[in-house]
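**Q** Listed below are the residues making up each chain.
Protein chains: 2
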Amino acid sequence: MASKKASRRGFLKAGAAAAAVGAIKTTGAEAALPQAQPPKSLKDLVAYGERSRFVTSVRVPVVDRPSPDQFGLIFHILTPLQEQVGNITPSSLHFVGTHRGAIVPDLDPKEHKFMIHGMVDRPLEFTVDELKRFPSVSRIHFIECLGNHSKPEYKTVQETHGLTSCSEWTGVPMSLLLKECGVQKGAAWIVSEGLEEVKGGGSIRLAKAMDDMMVAYGQNGEPLRPQQGFPLRLIVPGFEGVYNTKWLRRVKVVDRYYMTYNDYGHIQKEEEIAAMTVQWGPKSVITFPSGGQQLPGPGVYQITGLAWSGGGKVRKVEISADGGQTWKEAEIPGEVHSKAHTRFGLNWKWDGQECTLMSRCTDELGQLQPMRSQLAQHFHEPPDYYKTHGVQGTDNMIQPWRVASDGSVHNALV
Amino acid sequence: MASKKASRRGFLKAGAAAAAVGAIKTTGAEAALPQAQPPKSLKDLVAYGERSRFVTSVRVPVVDRPSPDQFGLIFHILTPLQEQVGNITPSSLHFVGTHRGAIVPDLDPKEHKFMIHGMVDRPLEFTVDELKRFPSVSRIHFIECLGNHSKPEYKTVQETHGLTSCSEWTGVPMSLLLKECGVQKGAAWIVSEGLEEVKGGGSIRLAKAMDDMMVAYGQNGEPLRPQQGFPLRLIVPGFEGVYNTKWLRRVKVVDRYYMTYNDYGHIQKEEEIAAMTVQWGPKSVITFPSGGQQLPGPGVYQITGLAWSGGGKVRKVEISADGGQTWKEAEIPGEVHSKAHTRFGLNWKWDGQECTLMSRCTDELGQLQPMRSQLAQHFHEPPDYYKTHGVQGTDNMIQPWRVASDGSVHNALV
Chain A
0 MASKKASRRG FLKAGAAAAA VGAIKTTGAE AALPQAQPPK SLKDLVAYGE
50 RSRFVTSVRV PVVDRPSPDQ FGLIFHILTP LQEQVGNITP SSLHFVGTHR
100 GAIVPDLDPK EHKFMIHGMV DRPLEFTVDE LKRFPSVSRI HFIECLGNHS
150 KPEYKTVQET HGLTSCSEWT GVPMSLLLKE CGVQKGAAWI VSEGLEEVKG
200 GGSIRLAKAM DDMMVAYGQN GEPLRPQQGF PLRLIVPGFE GVYNTKWLRR
250 VKVVDRYYMT YNDYGHIQKE EEIAAMTVQW GPKSVITFPS GGQQLPGPGV
300 YQITGLAWSG GGKVRKVEIS ADGGQTWKEA EIPGEVHSKA HTRFGLNWKW
350 DGQECTLMSR CTDELGQLQP MRSQLAQHFH EPPDYYKTHG VQGTDNMIQP
400 WRVASDGSVH NALV
Chain B
0 MASKKASRRG FLKAGAAAAA VGAIKTTGAE AALPQAQPPK SLKDLVAYGE
50 RSRFVTSVRV PVVDRPSPDQ FGLIFHILTP LQEQVGNITP SSLHFVGTHR
100 GAIVPDLDPK EHKFMIHGMV DRPLEFTVDE LKRFPSVSRI HFIECLGNHS
150 KPEYKTVQET HGLTSCSEWT GVPMSLLLKE CGVQKGAAWI VSEGLEEVKG
200 GGSIRLAKAM DDMMVAYGQN GEPLRPQQGF PLRLIVPGFE GVYNTKWLRR
250 VKVVDRYYMT YNDYGHIQKE EEIAAMTVQW GPKSVITFPS GGQQLPGPGV
300 YQITGLAWSG GGKVRKVEIS ADGGQTWKEA EIPGEVHSKA HTRFGLNWKW
350 DGQECTLMSR CTDELGQLQP MRSQLAQHFH EPPDYYKTHG VQGTDNMIQP
400 WRVASDGSVH NALV
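From first to last, the protein sequence lines are chains A and B. Be aware that the first sequence starts at 0, since it is given in numbering that gives the first Met the number 0, and climbs by one per residue. Be aware that the second sequence starts at 0, since it is given in numbering that gives the first Met the number 0, and climbs by one per residue.
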């Protein structure tokens, strides 16, 4: 009886949804608007489950920043950090940074190949199945896009910080594959290339490749998602997202730095900016309470958020409720992984007065997350530069949230 | 151009799939057959991504074991362990054990409430939003159903071991909520109840509740999936799956053990069986090569699989390629979490001769995973008993896989 009812409901909904899909004339720009999913049949739900109809978190595209290559196409898709719990980002909600928006290569893993060549004794080409026969490693790491920087006009944490996500990645250590090929004397860099028109490549020092990089085929227990580079992606823990080449096709071992299309920001006239780092510094953000949220009234709340660093493990997170004058250490209740999102929390009694909340991270190297003004000094630039241009390097500045006396929460970046 | 093409293809497929859904007269038994999903529109893919069309892993129902309560309904749905990588189980592929198959309560989290009462000073009722205001904890734990036992007639690792899965769970420590209520003197047990017709409850010692139990609302970064108890589930790390009450409604603090509907197996005439443990012992299984898989020929392979224990962290995994006569320690390349799936691997050169592969786990308590014959002795029962009845307690026996000289792999349990 129960099953029959559920089945009929499932059918009606699926039929209506299919009609709606037919009505969409999809272009890149129209693809920007999220809509509800058609529900699955009971049969499908046995095979592959889905979330509750009451759970409606969605990613949103960055509308004011289209792909520089294909006008009208989405460049960045933001993950809803304000609605996430724990440390892992659901694969369906992982941020996307790509020149092609949601239109990604439709690759058959049986035909895709990955090549290592250049300054090696034995250039080798691997199928995905061949890579899966190598010893694998699974590690939890964040990936954060260089474009992840807060601006005063952004309202929510999805807008200010939604270009970072964290997954359990599974793949083959890059060092193992390079040893298999035999790296020649004099080699000092690698250049990677993916199947995007812009190649998605980057120059990375060989030392990093031999350290903790991997050629990943798995994400959160299943194959990589297409938007994350299915079937193969380079994982470069702690580095700017763009180095984590999707739809990975080849790695060339070379003797020097090669400029690639993806050197966003690195290619600058001003030496101080061109010389910026590629490894993320210590960073954190409060996800509750954060911009656009509403506290029902004075009382005890659990401030919570995420901290991470490209330099290793998070050692400490501190929270200020007075705009950075005094700091109190937050709790990190779970296990801490290197170069991974780390959930923190702190009980906080709100008295109903306007105040400004901030979090700051110290990583295992002892690096401290900077205030906005300190970050500007670090780059030898006046704060005004960043106000008008945005930060051009990795932006790990402290994010302030103002809690108004009516309980509404606002971006307090100026 | 590219986007238009993708859209048209999406529409045609969605239409065909909807027609197929209409043709299904769903009953519990017919719901057993997985089918392909209609693809999403480009618009939807911005909001919430999906896997590649080349990735087709699906769960399958246990067809020979229908729900004892509702004839024809599915009781157990098996996760495809043979196709998973890393340690996390994708939420859509998490095993399901429930009396209602895929038909699960459709609960509105705004209306759902959870109550703690019984031997407490202050009985309290919590909404989901209220629970989210408490300090949260996120931990990676396996959940394994008591029904997860291998039988000689099962062919694949999905059939022999597909009732265990591993997620990052987020929720409120049970100890915190119990302290909030004030546990009274003389209290020694708790009884939990969910929203299934059979209540899904269990009696658990108060000491466990005060140790590492949690009331979870999050799974792998997003709200619990409906099939996993949305919006609230009890997490009882290391204990039989049935204790992890789904659609959690209440916990009663009591002074003694209460029998509940879910005491499968525990209610036995034979004292030795009635007294069996509820905490999983050290367990492991090789997922590659495993039953139903095919090695292309002699050569070097990476044996890989998962190990776990209800007693804490996995300390060591050993592999035998000669049916248990000699053992070699496997590598554990990632971080090891307590009461969590732990991926292991070992390079193995197959010479083309028939052989039997086994894995065994030692946990941090020093407990060693038993051979089938040892497990039988432990319960003071002749092996024949288990042959005909299946193991009635937690089954953590070593799983042997026979590699035939033609490279085919078979269940070698006898």
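I should point out that these hints are in silico values taken from the structure, not numbers from a laboratory. There's no promise every hint is true.
No distinction is drawn between identical chains; accordingly, a pair holds when it is met within one copy or between any pair of copies.
30 Å max Cα-Cα, derived BS3-like pairs, lysine-lysine [claimed, not checked]: (1) 109 x 198; (2) 42 x 154; (3) 327 x 348; (4) 312 x 348.
**Q** Now tell me, hint by hint, if it's right for this structure.
**A** Hint check results:
Proximity of residue 109 and residue 198 under a CA criterion of 30 Å is satisfied intra-copy only: 21 Å inside one chain copy versus 47 Å between copies. Taking CA atoms no more than 30 Å apart as the test, residue 42 paired with residue 154 passes between copies only; the shortest distance there is 23 Å, against 41 Å inside one copy. Taking the closest pair of Cα atoms, residue 327 and residue 348 come within 30 Å of each other only inside a single copy of the chain (13 Å); across copies the shortest separation is 55 Å, beyond that limit. When the C-alpha separation of residue 312 and residue 348 is checked against a cutoff of 30 Å, the pair qualifies only within one copy, where the shortest distance is 29 Å, while the shortest distance between copies is 37 Å.
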